[in-house]
Amino acid sequence: MDQILGNISLLFEFPIVNLKIVLDGIMIGALFALSAYGLALVWGVMNVKNLAQGDFVISGGYVSWWLVQHGFPALLGVPVAFVVMWGIGWVIYKLVISRVIERDLFTSLLATFGLAIMMAQILNLMFGSDTQSVDLGYETLHFADGLIDVPIAKLIGVLMATTLAACVIIFMKSSRMGQAIRATAQDSRAARVMGIDTEKVYAFTFSLNSAICGAAGAIIVMVWLVQPFYGISYSIRAFVIVTAAGLGNLPGVIAAGLGIGALEQYGAHIFGIGYQQAVAVMLLLLVLLIRLIQQRRNRQVLK
Amino acid sequence: MKKLSVLSAVLAAFTLLFSQGAIAACGEIHLGSAISLTGKYATNGIHAKNGYEYGIQKIKDAGGVMVDGKCYNFKVTYYDDESKGDRGATLAERLISQDKVQFMLGPYSSGMTKAIAPVTEKYKIPMVEAEGASRSLFNKGYKYLFAVLSTSEQYLASAVTLAAEMAEKQGKKASSVKVAIAVENDPFSLDIRAGVSEDAARLGMKVVIDEKLPRDLSDMSAILTKVKLLKPDLLIVSGHSKGAATAVRQIDEQNIKVPMIAITHCEAADVTGKFGDAANDILCSTQWAETLAYKDPLFGSASEYEMGFKKAFTEYKDKKVPYQTAQATAAVYVYKDAFERAGSMDKDKVRDALSATDLMTFYGGIRFSAAGNNIAKPMVLRQIQDGKYNVVAPSAFASHKLNWPRK
Numbered sequence: 001m002d003q004i005l006g007n008i009s010l011l012f013e014f015p016i017v018n019l020k021i022v023l024d025g026i027m028i029g030a031l032f033a034l035s036a037y038g039l040a041l042v043w044g045v046m047n048v049k050n051l052a053q054g055d056f057v058i059s060g061g062y063v064s065w066w067l068v069q070h071g072f073p074a075l076l077g078v079p080v081a082f083v084v085m086w087g088i089g090w091v092i093y094k095l096v097i098s099r100v101i102e103r104d105l106f107t108s109l110l111a112t113f114g115l116a117i118m119m120a121q122i123l124n125l126m127f128g129s130d131t132q133s134v135d136l137g138y139e140t141l142h143f144a145d146g147l148i149d150v151p152i153a154k155l156i157g158v159l160m161a162t163t164l165a166a167c168v169i170i171f172m173k174s175s176r177m178g179q180a181i182r183a184t185a186q187d188s189r190a191a192r193v194m195g196i197d198t199e200k201v202y203a204f205t206f207s208l209n210s211a212i213c214g215a216a217g218a219i220i221v222m223v224w225l226v227q228p229f230y231g232i233s234y235s236i237r238a239f240v241i242v243t244a245a246g247l248g249n250l251p252g253v254i255a256a257g258l259g260i261g262a263l264e265q266y267g268a269h270i271f272g273i274g275y276q277q278a279v280a281v282m283l284l285l286l287v288l289l290i291r292l293i294q295q296r297r298n299r300q301v302l303k
Numbered sequence: 001m002k003k004l005s006v007l008s009a010v011l012a013a014f015t016l017l018f019s020q021g022a023i024a025a026c027g028e029i030h031l032g033s034a035i036s037l038t039g040k041y042a043t044n045g046i047h048a049k050n051g052y053e054y055g056i057q058k059i060k061d062a063g064g065v066m067v068d069g070k071c072y073n074f075k076v077t078y079y080d081d082e083s084k085g086d087r088g089a090t091l092a093e094r095l096i097s098q099d100k101v102q103f104m105l106g107p108y109s110s111g112m113t114k115a116i117a118p119v120t121e122k123y124k125i126p127m128v129e130a131e132g133a134s135r136s137l138f139n140k141g142y143k144y145l146f147a148v149l150s151t152s153e154q155y156l157a158s159a160v161t162l163a164a165e166m167a168e169k170q171g172k173k174a175s176s177v178k179v180a181i182a183v184e185n186d187p188f189s190l191d192i193r194a195g196v197s198e199d200a201a202r203l204g205m206k207v208v209i210d211e212k213l214p215r216d217l218s219d220m221s222a223i224l225t226k227v228k229l230l231k232p233d234l235l236i237v238s239g240h241s242k243g244a245a246t247a248v249r250q251i252d253e254q255n256i257k258v259p260m261i262a263i264t265h266c267e268a269a270d271v272t273g274k275f276g277d278a279a280n281d282i283l284c285s286t287q288w289a290e291t292l293a294y295k296d297p298l299f300g301s302a303s304e305y306e307m308g309f310k311k312a313f314t315e316y317k318d319k320k321v322p323y324q325t326a327q328a329t330a331a332v333y334v335y336k337d338a339f340e341r342a343g344s345m346d347k348d349k350v351r352d353a354l355s356a357t358d359l360m361t362f363y364g365g366i367r368f369s370a371a372g373n374n375i376a377k378p379m380v381l382r383q384i385q386d387g388k389y390n391v392v393a394p395s396a397f398a399s400h401k402l403n404w405p406r407k
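Quick mapping for you: the protein sequence lines, in order, are chains L and R. This note's numbering puts the first residue of the first sequence at 1, with every later residue one more than the last. This note's numbering puts the first residue of the second sequence at 1, with every later residue one more than the last.
EDC-like, lysine to aspartate or glutamate: derived pairs with alpha carbons at most 16 Å apart:
no. : chain 1 : residue 1 : chain 2 : residue 2
1   : R       : K231      : L       : D145
2   : R       : K206      : L       : D2
3   : R       : K40       : L       : D130
4   : R       : K274      : L       : D130
Worth flagging that the hints you see were computed from the coordinates, not collected in a lab.
Using the sequences and the accompanying hints, generate a full structural model.
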């Protein structure tokens, strides 16, 4: 308790630390938002709740790490991970997801849960259980007496995440495929009637999600680190964000992503870093509770 | 054709004669070990087995173990425990009750040792182990378990002593040192934390940060920000390879200036290879290093041990001989010494001789506490200096001077 109070008083004693915490949180949150957006896409379009979301992220990280081990420049990792994970996502869609898409909630949850375990184990067998990371070797910018530090690598990462998000948004808004995806999300049967090949849309959506996650993972490996069994922590955050923001609410996803990033950092600062993820899970509970109360108010019954 | 077969028959007879001659010259002491040759501990299990075998060969070359005026050689029956605790316990049972093994060598890892120790204890079979460091092995009242390595709470405790030494050199009191601790929430790291905070409390130091790292750590900037604000003199981080990698990377990114930083698992995380200069002046703990000034009459100095081992096991030619191997060899050496002092093959006499061990080896001093852990060997601290691991503590055996404060 003393430590918690001490930590809170530090925040008031050095107000600039608040800015640092928020900045750190936003930089992490940007990557959470990216994978959460992919989840929302798959969830909204094909009603599959992908528990392997985080493992796609980690796989993308390993793609990039592998490239660097073989002498390729680190920044190339992001586009390559995007492409490779697109392919892997497509294969997984054809093998697994296409079979569970019309089934009930539990089938898809079980299937993707199994997928998550498989992917983590395969990564473990291929690359070993040690943590891996890629060092870009860039400088770090320091502000405010060195209390705020922004590694250029992180800045590049966030910039890439933003670019990717912008591209995806433009694509969804203006391309033909984007329109088809949105149409399928709204009403797949109507879309089919209108001549949209929904099977193709599903495969595309799932591959796109996998690719976005892969790119996020490639950024994560440059800034933090990856380990075969880290997927679950990214999955949890993606679920928290999507639950909080709701499906099809892109600004909401981004805001929730950044917000959770910042709140986690505050949680880590005040309660200790061991509780960083507990903060995310607490938020999920809170959001669910609020949603429940909201729904109760709106619940209508035919008389 | 006929000539050839006659020749080979003669040759075979000769080899038989010779090998029988060797057996006749020396008796055999039968040891047993269930060790991980496959599974997740396989790499280190094989390091340990090679260490055992090298020790046995070296003792054989030097004339064997002299027990009551007669010479003996060690022979080990190995079983593969597949890195699984229940398998290890079953195999220990089998070694003792079927193969009639009276003396055991330890397995690899604390967990496997924990699984086997109750079995050896039940049959009152002495076990000298070299690879189980958890201090929970030594508070169960085991009478037949002896460990040559330092227990895990000592891993970074020597950094506290070192920080106190440096403070006193600066004309300050040891109690003025502020300590920050960030360890993972697992048994091994919590042992380390216990050792550090006990020593810090004994010296009257103040622990300003005391946090537990999560299992899936990838960001510790929250702790490092506090480090920046509270300015400790010593930062302790233990969280396996993810802890080491995250710490080294973010300490550099956030430009953390702590005079002394000590972490575990530097090599597992390959911090020098991955982060280059960012890892400089960080202290890393190890059980043993080949540059230490320890020596004994059989294996010579630590560096002679390394050279000899590399000659015998050529697959280690291009890498460092891991400490897991050195301590395994030391375990065999402890057995030799105990048998010779006991002057008997009786397992209880050998046990008593083991508990009275007071031996200097290439691996360090070996003397067992009543609980069976080695209290004569301190943990070694190496500092990363220009990308190389140089021994800086304990100062009496160190090869290099400590860079302090860390830049």
